[in-house]
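J.: Let the sequences and hints guide you as you build the complete structure.
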Amino acid sequence: MTATELNPQQLLPGEAPVRLVDESGTPVQAEGFELPASGVLRELHRSMVLGRRFDRQATALTKQGRLAVYPSSAGQEACQVGAVQALGAGDWLFPTYRDSVALVTHGVPPVEVLELLRGGWHCGYDPYRYRAGPQCTPLATNALHAVGLAHAARLRGEDAAALVFVGDGATSEGDAHEAFNFAAVWGAPVVFFVQNNQWAISVPLDKQSKAPTLAHKAIGYGMPGHHVDGNDAAAVYAVTARALSEARAGNGPSLVEGLTYRMDAHTNADDATRYRLGDEVDLWRERDPLDRLAALLRESGLLDDASAHAVDEEAEGLAADVRAQLGTDVHLNPDELFAHVHAEPTRLREQADLLAEELPAEQEEI
Amino acid sequence: MTATELNPQQLLPGEAPVRLVDESGTPVQAEGFELPASGVLRELHRSMVLGRRFDRQATALTKQGRLAVYPSSAGQEACQVGAVQALGAGDWLFPTYRDSVALVTHGVPPVEVLELLRGGWHCGYDPYRYRAGPQCTPLATNALHAVGLAHAARLRGEDAAALVFVGDGATSEGDAHEAFNFAAVWGAPVVFFVQNNQWAISVPLDKQSKAPTLAHKAIGYGMPGHHVDGNDAAAVYAVTARALSEARAGNGPSLVEGLTYRMDAHTNADDATRYRLGDEVDLWRERDPLDRLAALLRESGLLDDASAHAVDEEAEGLAADVRAQLGTDVHLNPDELFAHVHAEPTRLREQADLLAEELPAEQEEI
Amino acid sequence: MGQVTMAQALNTALRDSLRADPNVLVFGEDVGALGGVFRITEGLAAEFGEQRCFDSPLAEAGIVGTAVGMAMYGFRPVVEMQFDAFAYPAFEQITSHAAKLRNRTRGAVELPMVIRIPYGGGIGGVEHHSDSSEAYYTHTPGLTVVSPATPADAYSMLQEAITAADPVVFLEPKRRYWTKAEVELPAATEPMHRAVIRRAGTDVTLLAYGPMVATAMEAAEAARTEEGRDVEVVDLRSLSPLDEDTVCASVRKTGRAVIVHEAPVFGGYGAEVAATINRRCFHYLEAPVARVGGFDIPYPSPKLEEHHLPHTGRILDAIAELQWEEDR
Amino acid sequence: MGQVTMAQALNTALRDSLRADPNVLVFGEDVGALGGVFRITEGLAAEFGEQRCFDSPLAEAGIVGTAVGMAMYGFRPVVEMQFDAFAYPAFEQITSHAAKLRNRTRGAVELPMVIRIPYGGGIGGVEHHSDSSEAYYTHTPGLTVVSPATPADAYSMLQEAITAADPVVFLEPKRRYWTKAEVELPAATEPMHRAVIRRAGTDVTLLAYGPMVATAMEAAEAARTEEGRDVEVVDLRSLSPLDEDTVCASVRKTGRAVIVHEAPVFGGYGAEVAATINRRCFHYLEAPVARVGGFDIPYPSPKLEEHHLPHTGRILDAIAELQWEEDR
Ligand SMILES: Cc1ncc(C[n+]2csc(CCOP(=O)(O)OP(=O)(O)O)c2C)c(N)n1
Ligand SMILES: Cc1ncc(C[n+]2csc(CCOP(=O)(O)OP(=O)(O)O)c2C)c(N)n1
Ligand SMILES: [Mg+2]
Ligand SMILES: [Mg+2]
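Residue numbers (full-length UniProt numbering), protein chains in the order written: chain A, 1 to 366; chain B, 1 to 366; chain C, 1 to 328; chain D, 1 to 328.
It is worth saying that the hints were derived from the structure and are not from the lab. From the three backbone atoms N, C-alpha and C, an ideal C-beta is built for every residue, glycine too. Any given hint might turn out to be false.
The following residues of chain B were derived to be distant from chain A, with all beta-carbon distances above 10 Å [unchecked claim]:
(1) Pro8
(2) Val69
(3) Ala74
(4) Asp175
(5) Lys207
(6) Arg276
(7) Trp284
(8) Leu302
(9) Asp312
(10) Leu355
Here are the simulated EDC-like pairs of lysine to aspartate or glutamate, each with C-alpha atoms no more than 16 Å apart in a straight line [said to hold, decoys possible]:
(11) Lys303(D) / Asp329(B)
(12) Lys303(C) / Glu336(A)
(13) Lys63(A) / Asp305(A)
(14) Lys303(D) / Glu336(B)
(15) Lys63(A) / Asp270(A)
(16) Lys303(C) / Asp329(A)
(17) Lys253(C) / Glu286(C)
(18) Lys63(B) / Asp282(B)
(19) Lys303(D) / Asp335(B)
(20) Lys63(A) / Asp264(A)
(21) Lys253(C) / Asp230(C)
(22) Lys253(D) / Asp230(D)
(23) Lys63(B) / Asp264(B)
(24) Lys63(B) / Asp271(B)
(25) Lys63(B) / Asp329(B)
(26) Lys63(A) / Asp329(A)
(27) Lys303(C) / Asp335(A)
T.: Here it is as structure tokens:
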């Protein structure tokens, strides 16, 4: 009756979240995990600084009306950067609307990441080029796509894995459950990374789940569940890297819960003061993931004023690029409305003609 | 971050399924549970004998074309009878298509239980009269209805609980997950009883789930999970009774997995030889839940030839009644097609008239 | 009360219903402390407490499915789907359960519940935030489907939906949430199932509902000033059932009809209206019933939605093509 | 091959497709060892192995959602929904993802997948086993929706659906699974998107698809013998897109049309056909387009389904009411 060969206890998360660097930036021991190599740590730091700067720039752009909406991930950089840096060359990323920093870290050009959010095309990048699914709004739905894709890769004999981000709130959706289960039953190479930022818009975690931790869900599917300090980029990297390599090695999926916090409101359109207290935010401000990694790097001699400055410069450059590229209004060609509905657009010809007749009239009006 | 006050380990099922009577009918110890009182044991036995006879009769009726379809629960009597006998007077039952024996045990007249399956009205009984939801075909969907109803009862200050049956296969559905989670978050008084009969039509458990046991799912919702020998009616009764009383006491939902076996094919229309081996069935035949309880009762002097005979007689009477009542074709009044679509049938008047015009013509033809 | 937005009218209808009947419950995603992403439930949790207005876990089948159970037990749950496309995960619960339970139990189980869905586009929402899915619900027997177009109707129809004995899919035209009108609340308008003539006219009947009623009114005005046509505008209000008598009386009078909605035309609700008019008014029609709707494409990017959604120009074009005597 | 049932034709189409293209995968509930509850996948797991034809866990959103992922990766998954109403849990994945992913990615992601759904009634199934949900899918842009009516078409259309570049909802008329016809497989019939004249006639056009084509043919025969009417029968085959040209050519010739389907009439697919005919053939029509369908009720008990489903008598009545000259 027991479907797994493992001792069930091994599927449970550890007593405390895995942590490799404490809040003051001091390395700590975590059984089974090692502090990533210096190069990785430096890269994590650099990506987080770039990510934070990108995020702040995007938020600023909403104020100027240049983005339709922006869900900030300020405070969640360690999760997004740490997990993405752990991806191998053949691995895929399946992001949500909140994972802009993850996508930027993954190599998708910032302006392509923001295409959706500025009200442009639904997906600003070619998923195959970057091995990244479209930013997904219907919650938890793309977890199933990730499972299907990862299973497909395995059927082809390729050792690619898929990393899919899910919010704490999204774990409540039926699709999350079905994705966890299909992956486990098929042994699909998927890592489900739950960014538990404590809130789903205005709903706090304790109205979302009574689980001891969200990582405790994993055992119900017969896969390992891990929880990790989601503001410790080194730990996120180490745990995700191992989960991904297990997946690639054919040992099946796992669930990683990163404990973090959404510092901003749900999106720029949301007003978080309606439902949460400032002191909670203040508390988490002290746990800033960038400060923590920077402290470690400084302490270990991996970062000095000059190299920190260089990263900051790079970040400013990135922000300036984003400003420049988003500074003008995006122009979409209305003809394209009909271009990608079906492989053969013929059945929409009549409607396209109707629109085409209107357009010159409008042009003249301008 | 921990949503529950309980020690997480307490939410996990025990090492082995709870068992109070072993396969030879000898009482065994199970920590925290006691053998039910003699009266209960006798009643469990009686209901199982009646249930088995009812089930065999229903199966026979399919061969005579008197039922449209019948999903037998032969072999699962201990789960259905044990769990239902544990219900209190104000509690509700939410059955699936397979839970005919549960409904009969619950007091629903057999002919009303078979109404759906003979191709009559969708629900043969008044749910309020028997505190039983309609037999539910779309899998796991009524688990949500049970949660809503139980929560509603609690909002009214009543201490009713709801018992909902779910199959092993149905645990894969998103609705099962959402039901588990809503119940846990709301602390709704629900007991989810998973009848793990090892098969979902032709799909064996290990293609359905890799969980160590299905009871291990519970911890992922922060509710206790129990597994129980599903062919031991005494154990099923004891575990379910406690789960129900915890629920009624305001301690929230729980999940009980009963390990049992579907002795027959999925329904009379199915051919199980296409996908499972005879020796598996034979193995389970030796674990017959009726034999086991009868052995215990005989051993303890609670059952003798005379009382066994009396129960058999009663069962024969029930079967004879079922035969008599199902012996003639059910006649449904076509007018009623329009009667219960909306509270006010007016909008269907035209269609009802069309049908009414046809009917006399047809009558004449007869 | 003076100037009232549709959002305020809906909020007041919920408040008054919660006050009037202790069986009314309001729940869904973010409807508690936040008051809903559109603020339709603002202040209700504070006034009526967490037992009567509460946040649920994030799962739409869960919301509708538990509402079914509560309604079985005598409550009148009013649930909110956050956006139109996010109601799709609840499709099974709506279609196979909410819609059918009365029928399945021969009337023993009544489900007085309301599923509120902010629907349609025009607010610059990114993908999956602007669908119009009325046709999925109107084709499902057992559901009542309505959509208000004005603040007064929003109030009155929501109240009536809450007191109705059957499940109501209540489609709220989100782009009109902030439209103001002079209304005294409580407002009592025509019964929910009745269509209403918003503007009388003799030349052509413009049929619309929800978000497109205001657009139809603008088009009617433009048709008068620009083309000298006298357009009658019918606000359907109830999509299922459809108030055929009011629709047909108007079309028999004018002899011409245009139905307008945001949803794609193919297989859209307008097809039913056109087919019904053709069946019942065939000999009165001077021209085929025209349908003006969204294109048969997934809802596009915000930057292009103006090209997708019906607008005055497109309605005027449709009217112009109705085979007028002078063109013959 | 001689006499072939529709079930056998579908099975052969799957087998031939699996043979022809290693990217074709077949999965769903009970499609492996059992061969599906209707035996459409019989023998495929044995012939092609568990990697190519396999049972999935029991969850429809899961099946469609993972198929989307596999299609993204270049496979051609063919998934089975066990019965029509059991596809509803997958509605979100079908509507918001399968239908839209090409559009969302500006054509970068192509989803060559087939969702097979045994649909309709007439087999004495208890509740939730006999729904006709074509209207939900036909109203969803991005989906191709087809339904074969004969064994030859079942073979040919399923093969074409599997090679198509876009997601196809393939509706199998379950009551016709055991209908035999003389066919040589592989059979090549008209392209999937084309409607076909099954019987030529001059008086009235009967439009049907899937399970109702055989009923329409019977009715046409009865109309000839009983009423002396010469009925043309058009098998639509493809519901979305609709082959408007074939339909309109026939209706322009006959001047009268009746559309038949099992689904409830209100908001059903017939409304689209009627509205399209009215728009494109208005001046050719001698009478309004009639719709014959199921009643606007949840699918009833097996004992009553004969009263619910369209039958010859009802089709003849609809034809009789088409305002014939002799009645005027
Ligand atoms: C199926 C679905 N339902 C509802 C929504 C609306 N919605 C968007 S984000 C959100 C909260 C998500 O919370 P969580 O999963 O924790 O992710 P976070 O926003 O915190 O990153 C909701 C309810 C949606 N996008 N999809
Ligand atoms: C939503 C849904 N999908 C598919 C089915 C078809 N179906 C009926 S029973 C069944 C197997 C159920 O297995 P399980 O839950 O283990 O219950 P059991 O039949 O063994 O009692 C399936 C797939 C259904 N009824 N509902
Ligand atoms: Mg969150
Ligand atoms: Mg089972």
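J.: Look at each hint and say if it fits the structure.
T.: Hints, verified against the model:
A beta-carbon of chain A is positioned within 10 Å of the beta-carbon of Pro8(B); the least distance is around 4 Å. With a least CB separation of 27 Å from chain A, Val69(B) remains clear of the 10 Å interface cut-off, as annotated. Every beta carbon of chain A lies more than 10 Å from that of Ala74(B), the smallest distance being close to 20 Å; the non-interface claim holds. Interface exclusion of Asp175(B) from chain A breaks down, the closest Cβ pair being 6 Å apart, not more than 10 Å.
With a least beta-carbon separation of about 6 Å from chain A, Lys207(B) fails to lie farther than 10 Å from that chain, contradicting its non-interface assignment. In this structure Arg276(B) is separated from chain A by more than 10 Å, as the shortest Cβ-Cβ distance comes to about 16 Å. At roughly 12 Å, the least C-beta separation between Trp284(B) and chain A is larger than 10 Å, which holds for a residue marked as non-interface. The Cβ of Leu302(B) sits about 30 Å from the closest Cβ of chain A, beyond the 10 Å cut-off, so the non-interface label holds.
Distance check for Asp312(B) against chain A: the nearest CB is about 33 Å away, which clears 10 Å, and the non-interface claim stands. No Cβ of chain A comes within 10 Å of the Cβ of Leu355(B); the nearest lies about 38 Å off, and the non-interface call holds. A C-alpha spacing of about 10 Å is found between Lys303(D) and Asp329(B), which places the hinted pair at or below 16 Å, so the restraint holds. The straight-line distance between the Cα atoms of Lys303(C) and Glu336(A) is roughly 12 Å, inside the 16 Å bound, and the hint therefore holds.
With a C-alpha separation of about 32 Å, the suggested pair Lys63(A) and Asp305(A) falls outside the 16 Å cut-off, and the hint is violated. Of the pairs offered as hints, the one joining Lys303(D) and Glu336(B) holds, with about 12 Å between alpha carbons and a cut-off of 16 Å not exceeded. Simply put, Lys63(A) and Asp270(A) have alpha-carbon atoms about 13 Å apart, close enough for the 16 Å limit, and the pair holds. Proximity of Lys303(C) to Asp329(A) is assessed by CA-CA distance (about 10 Å); at most 16 Å being required, the pair is judged to hold.
Simply put, Lys253(C) and Glu286(C) have alpha-carbon atoms about 11 Å apart, close enough for the 16 Å limit, and the pair holds. Distance check on the hinted pair: Lys63(B) and Asp282(B) sit about 23 Å apart at the alpha-carbon level, beyond 16 Å; violated. For the given pair, Lys303(D) sits about 13 Å from Asp335(B) by alpha-carbon distance, which is consistent with the 16 Å threshold. The hinted pair formed by Lys63(A) and Asp264(A) meets the criterion: a straight-line CA distance of about 14 Å does not exceed 16 Å.
Of the supplied pair hints, the one linking Lys253(C) and Asp230(C) holds, its CA atoms being roughly 12 Å apart against a limit of 16 Å. Proposed proximity of Lys253(D) and Asp230(D) is supported: the alpha carbons are some 12 Å apart, at most 16 Å. Restraint check for Lys63(B) and Asp264(B): satisfied, since their Cα atoms lie roughly 14 Å apart, inside the 16 Å limit. The suggested pairing of Lys63(B) with Asp271(B) holds, with an alpha-carbon distance near 14 Å, which does not exceed 16 Å.
Only pairs whose Cα atoms come within 16 Å are accepted, and Lys63(B) paired with Asp329(B) is accepted, the gap being roughly 15 Å. This hinted pair checks out: Lys63(A) and Asp329(A) have alpha carbons roughly 15 Å apart, not beyond 16 Å. Our distance criterion of 16 Å between C-alpha atoms is met by Lys303(C) and Asp335(A), whose separation comes to about 13 Å.
The structure shown violates the earlier hints numbered 1, 4, 5, 13, 18.
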